[in-house]
Every structure is written in structure tokens, then in C-alpha cells.
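Undergrad: Those protein sequence lines, which keep their order, are chains A and B. Final position of the first sequence in my numbering is 365; the numbers increase by one with none missing. Final position of the second sequence in my numbering is 1354; the numbers increase by one with none missing.
It should be emphasised that the hints constitute simulated quantities derived from the structure, not laboratory data. Glycine included, C-beta positions come from ideal geometry on N, C-alpha and C. There could be a bad hint or two in this list.
[Claimed, not checked] Derived contacts from chain A toward chain B, CB cut-off under 10 Å, selection only:
hint	residue
1	T17
2	G263
3	H272
[Unchecked claim] Every beta carbon over 12 Å from chain B, so not counted as near; a handful from chain A, in silico:
hint	residue
4	V39
5	V83
6	P141
7	R240
8	A258
[Said to hold, decoys possible] Cut-off 16 Å, straight-line C-alpha distance, at most; resulting in silico cross-link-like pairs (EDC-like, lysine to aspartate or glutamate):
hint	chain 1	residue 1	chain 2	residue 2
9	B	K1258	B	E1279
10	A	K150	B	E1071
11	A	K150	B	D1017
12	A	K150	B	E1070
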Amino acid sequence: MIRRLLDAVTGRLSPRTVQNLRSEFDTSPLTKVGVGILVVVLVTAVFAPLLAPWNPEAQNLDRSQQPPLGFTRAENQTTQETVDGEVQLIQETVQVNATVAHPLGTDGLGRDMLSRVVYGARTSLVVGVLGTLLAMLVGVPVGLVAGYYKGRVDDALMRVADVSLAFPSLVLAIALVGLFGQAAVEVPDPLVTTGLAAAIRGVTSLPGGLAYPTGMPATFTLPGTVILVVGIVNWVWFARVARGEALGVRDEEYVKAARSLGGPDRFIIRRHVFPNSITPVLVLATIQIAAIVLLESALSFLGFSGTTLSWGFDIAQGRQYQTTSWWIAAMPGLAIVLTVIGINLVGDWLRDALDPGIEGEGGGV
Amino acid sequence: MSTPLLEVADLKKYYTDDIGLVDRVLGTETTDVRAVDGVSFSVQRGETLGLVGESGCGKSTTGETLLALEEATDGDVRFDGASVFEMADDARTEFRQRAQVVFQDPFSSLDPRMTAGEAIAEPLVVHDIGDSETRRAEAKELLERVGLAADQVDRYPHEFSGGQRQRIGIARALALDPEFLVLDEPVSALDVSVQAQILNLLEDLQSEFGLTYLFIAHDLSVIRHICDRVAVMYLGEIVERGPVDAIFESPQHPYTEKLLESVPRADTSERGRRVDALEGDVPSPRDPPAGCRFHTRCPYAREACRADPPDDYDAETTGQQVACFRALDDHPYWESEPIERAAASDGERRRTDD
Chain A
1 MIRRLLDAVT GRLSPRTVQN LRSEFDTSPL TKVGVGILVV VLVTAVFAPL
51 LAPWNPEAQN LDRSQQPPLG FTRAENQTTQ ETVDGEVQLI QETVQVNATV
101 AHPLGTDGLG RDMLSRVVYG ARTSLVVGVL GTLLAMLVGV PVGLVAGYYK
151 GRVDDALMRV ADVSLAFPSL VLAIALVGLF GQAAVEVPDP LVTTGLAAAI
201 RGVTSLPGGL AYPTGMPATF TLPGTVILVV GIVNWVWFAR VARGEALGVR
251 DEEYVKAARS LGGPDRFIIR RHVFPNSITP VLVLATIQIA AIVLLESALS
301 FLGFSGTTLS WGFDIAQGRQ YQTTSWWIAA MPGLAIVLTV IGINLVGDWL
351 RDALDPGIEG EGGGV
Chain B
1001 MSTPLLEVAD LKKYYTDDIG LVDRVLGTET TDVRAVDGVS FSVQRGETLG
1051 LVGESGCGKS TTGETLLALE EATDGDVRFD GASVFEMADD ARTEFRQRAQ
1101 VVFQDPFSSL DPRMTAGEAI AEPLVVHDIG DSETRRAEAK ELLERVGLAA
1151 DQVDRYPHEF SGGQRQRIGI ARALALDPEF LVLDEPVSAL DVSVQAQILN
1201 LLEDLQSEFG LTYLFIAHDL SVIRHICDRV AVMYLGEIVE RGPVDAIFES
1251 PQHPYTEKLL ESVPRADTSE RGRRVDALEG DVPSPRDPPA GCRFHTRCPY
1301 AREACRADPP DDYDAETTGQ QVACFRALDD HPYWESEPIE RAAASDGERR
1351 RTDD
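All chains, full assembly: derive it from the sequences and hints.
TA: Quick look at the structure:
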């Protein structure tokens, strides 16, 4: 299945690149782990309304702070009892047991952690991917132009980049959120609004014979400001990498050849400089997605994201319960760690397979 | 003689150090690298002019500058009577169609992400000639013309050998049906047997399409094989020029003489011949020697060579032009003292900035 997916994605690349990707994928077990993790996270994010056992926003105070499977939580309870007409306070320690209905436990308001982690994947990936795309969209053209023209154009553009780099990204992000406000967009969830989720969930049941709850959130909160912010904060990296590549490519003889044909600069940048600079940019993109997932979590943790359904937000919530219910923060934390590891492994794979040093060389003399 | 197709007059290309803003504000002084320093020559229609010299002498820069790929510092280039540097956009576009270049490195001159067909058709795309189908047909035709198969049109550069890539580079240069080709060391990266094939191909194409070549090379045997006339460059200047046979039979300039001597010859009588190689390295073009630029390495150098740079003098019988006082019978050179040079003058050798 994974192989077929890869084939579809790599159809547009040069045969040599595809061959490198294949052999690297086949020989490196870490790559398989990375791709596996990423596919799981992707599927989880896309099919969240089908996979989440509960509505992630549904509160149930009777079941708050339930531990995950395999753990118990000791709770001190004070009860009043009337003994011989006198009111007595009785202190006792109650063991709260895990239930199959909430395999990862519940948070302080009794919301199912598994469902929240599943839905959090959506926020993280959407912000990670869209934020990276935005950063690329700004950074790559700037970098290519700077590297291709060199000289003053380069000086001017790269000074702007340096200035952006001088701000700590988190501080800049917070400042920008303050500037733009929290523009969270409610996007209808097609799986829910079409009734598909309800229909599928209606015919299955939870372990333990419980009915599968069917009321899932009809919309998904897209943290627009966060995407904008991470794009603005991270474009510099793409600009720098693209510039470095363009500096090398501009002196290649095929660029000179195109210039000697009278090709306009825009034509040359689009046709020669861009395709030959893009490989390291793609590798950087994977690393940036991971960084942006972390940045989104940090922003959510600080309460700047505008969504209440993200891994970072849950970690922030879990902080209050750290001493009694560690899983509230730990489960989304684990999800972040796994996702970032997965993305980085995929990034390593791309880096090894698309190394520009290999590209274009060899070829039987 | 008719008007030459290409006339280069006192062409100069200096490279200025790319200094930072701080240095610019502080007024830090930089010395230019004089890659090409007053080069003049002309190329007649249908002939092949060889431009020869050591690496770093500015021959490739000359080629690129006269095609306006690099901005000239000074001087003029006239192509078919019109100044290349002062052309309006229309004329420049036409010039770009009529003058093409083939590069040295067959691995760098083709975009690794473009098929052979795309590379060859690129000139047609740039000048908006034909549609994708006619371009493809044209690319196939050109592939066959340069000795490759038409069905290789969809292959990528890495699937070709160095010689085949160079053929693709030549096909690309021919796509616009040009009159003038700058061949920038087109065979120096190839095996000797492949070199011969490419040289033969270039000769065939020249007679078939009536092409004019500027052939840049450091390999003298290649030059002798293909060129009609030769210009020898040393440190940004042309030191000698003339018909190819005259240059090879009776070199007038000491540098040409040494250059020819350094070529190994396939001849049994040559066995054990001590190659009387040139001493020292090429001086830095950032700070070329005063007077004759070759005097630091010249075996005949005298004090007069330090004082003034020689002009181009006509050699008496052979039709060459030589920038050396020795071509003149009555020059103060003959009276001045030879330059004393330490036997092992390593300390004086300056490194070249290549």
C-alpha cells in the first residue's frame, strides 16, 4: 500500500530520483518506521470523525481524570456520614480504575483523551503543512531571486531575512498574533456534515458493548492566524536554502547556455534554477513541518492559537493536573514526539535519496 | 578581404572584488582582476579562429564577454557590423539567434532535469518558434544530425556518455540555425578517441552549414587540427596571432615557442627528449608584471622588456603578428642587459588566481 502511494507521488520526478528513493526506502528500516508513523498520523487526521471513540469536546464530569489502561489513580475522598446523630467527616482513599471506554484516560473535564489526541493530529498536520507551504511560497521565490541576481538585490533581500531571523520566532509569533488577533476559521467537516460518520459509527460498537457515540463535531477549527504566523516566522529558512542553491545553479553552464539563447531571467529561474534548487528545499520542508508542529503546540500551550483542540492546548490543560493525572499532558506530548520523529525520519530519507551530489553524476561514461 | 563576421576591438573584462557594505563605506581599496586586458581580433566568415593559452589566461572569459554573457569593462565587439554591446532589444534577440556557444563541461552544460529533446528544443522555446510537436520533430532531426538516434529524444543527460552529451550540446547550439559558434573547449573534457569524433563532427557541420567558429582550447594538437588561424593568449593579452601553419612551424613569440615545445610528440626520436618547460607560474592577473607580461618567465628577457609593453609587430615573412621586441631588428632591446634571475626563484613565484 505504502509502495503504491509512493509511486503515485513520485510519478513526476526524474527516473534517477525515483530509483534513489526506492533503493533508500528498501534498505533503510528507519525510513520504513518514519513513513509508517507518518501514514498513521495522516490517516488519523483525515478520518478523525470515524476513528475517535468519543466526541473530543464532550464533557463528562462523572468520569473526569480517569487513568489510561493499565494504570490506577488514588483519590482522597472526604465523605460526610451521620453517625448517632453526629456528622462525621470520613477520609478515605479511593482507587479510580481505568475503563476500556477511555483507553488513554480522560482529562479534567472527563473528555476522552484518545479522541482528543486523534483530533489534535488534524490541527497539528494542517498547521504544519499549510504553514510550511506558506513559508515556502514566500521564501523560495525570494531566495531564488536573491541567489540568481546576486549583488545588491541579494544584499537587500537577505538583510530583510536577517532582520526576521533576529527575532526569536516564538516572540515574533506572539507579537503577530497580538497584531492580527486570533482569526480561527470554522471549516465544516465533510465526513460529519454528509452524515457519513454517523452512518458508519451507527453500525459499530465500542468494546464492552457500549454504543458508539455518533454526535461528532460538525466543524473543524482552522487556526488561521497560527498558519499565517508560522509562515511569516519560517520563510527565512526557505529563502536562505533556496538562495544558496540558486547561487550554485546560476553558474552552471546550462544556465549560461540559456542566457546565451537570450532567455529572459524569469524564464531561466522558472525553468532551470527552480527545478535544480528544489531538492534541498523539499528536505528542509519536512524538517520545517516538524518544527512548525512544535511551534503550533507552543502557541497553543500559551493560549494563542484560537483552537481548543490541539496537542499543545491539551498539554497546557494537563499542566494543572500534573501531580494527579500525568496522562492529560503526556498523551498529546507523546503524539507530538512520535509525529516529529516520523517527519524527521522521512526528511532524512529524502535527504539521503535526493542528495544533489548524486543527482546528475555518473550515468555511464 | 570582406568585412569580418566578428570584430573584437580592445576588449577588456575586469573583475572587481565583491566587497561588503562596510568595506564600501570605509573605502577599502580593491585591485581588479584583469581577466581580459585589451584583446583585439577578428574572425572572417567561414573560418575557424583558435584562441589558445594556459588555463586562467582569460580565453574563456573573452568568449563569454564577446557574446555579452559577461558585461565588458571596455572595448567593443562588432558582429556583422553592429556593436553587440549597444544593441537594442530586437537586434540583441537576433544576435542571440545568430551566435551560439558550446561549453566545455558536458556534465554541467545540460540541465540534469531536462531530457535531451527538451534541451535541444529550448532555443526554439525561448524564441517562440513552432509548437511543441514541431519542436520535438526538430529536436529529433538535430539528434540525428549530430550522430545520435532520434529515439533518444526522451532520455535524460545522465543516460548519455560525455561525448554524447557534447553532441547534444552542439545540437542545442545548432537549433536556431546560427552563423557563428563560440566553442569553449568543446573537447577538452573528453577522451582522445571521442575528441576526434567531435572534431570531425564540428568540421562536417561547418562545411554543411557554412558556420564560423571561434575555437577556444588549451590543447595545441586540437587547435592545429581544426583551426585556420590562431591567436595565442597570455595573461589577458594576445601575444601572437597568425595562420595556423605559420604559428606551428615558426613560432615568433617566446611564449608560443615554449608552449609548442611542451607538447609531447608521438615520435621515437622524441624519446628521452628533455622537455624544456616554462619556468614558474603565471603571474597574478590582479597585479600583472610591468612592461612585457611574459618577461618574468621569458628565457630571452632583457631590461628593456621590463620598461615598456611591446606593441603588435608584423613578423617579416610569415604573416604573423607578434607582441615581442625580438620581432624588430632595430629595437633598444638588443642593446639592453639580460635580466638576472636566481636559478631557483621559487620565492619570486606568484600564485595565479585562477
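Undergrad: All the hints need checking, so say for each whether the structure fits it.
TA: Hint-by-hint comparison with the structure:
no.	hint	verdict
1	T17	9 Å, holds
2	G263	5 Å, holds
3	H272	5 Å, holds
4	V39	28 Å, holds
5	V83	86 Å, holds
6	P141	19 Å, holds
7	R240	18 Å, holds
8	A258	7 Å, violated
9	B/K1258 x B/E1279	10 Å, holds
10	A/K150 x B/E1071	15 Å, holds
11	A/K150 x B/D1017	13 Å, holds
12	A/K150 x B/E1070	14 Å, holds
Consistency note: the structure conflicts with earlier hint 8 alone.
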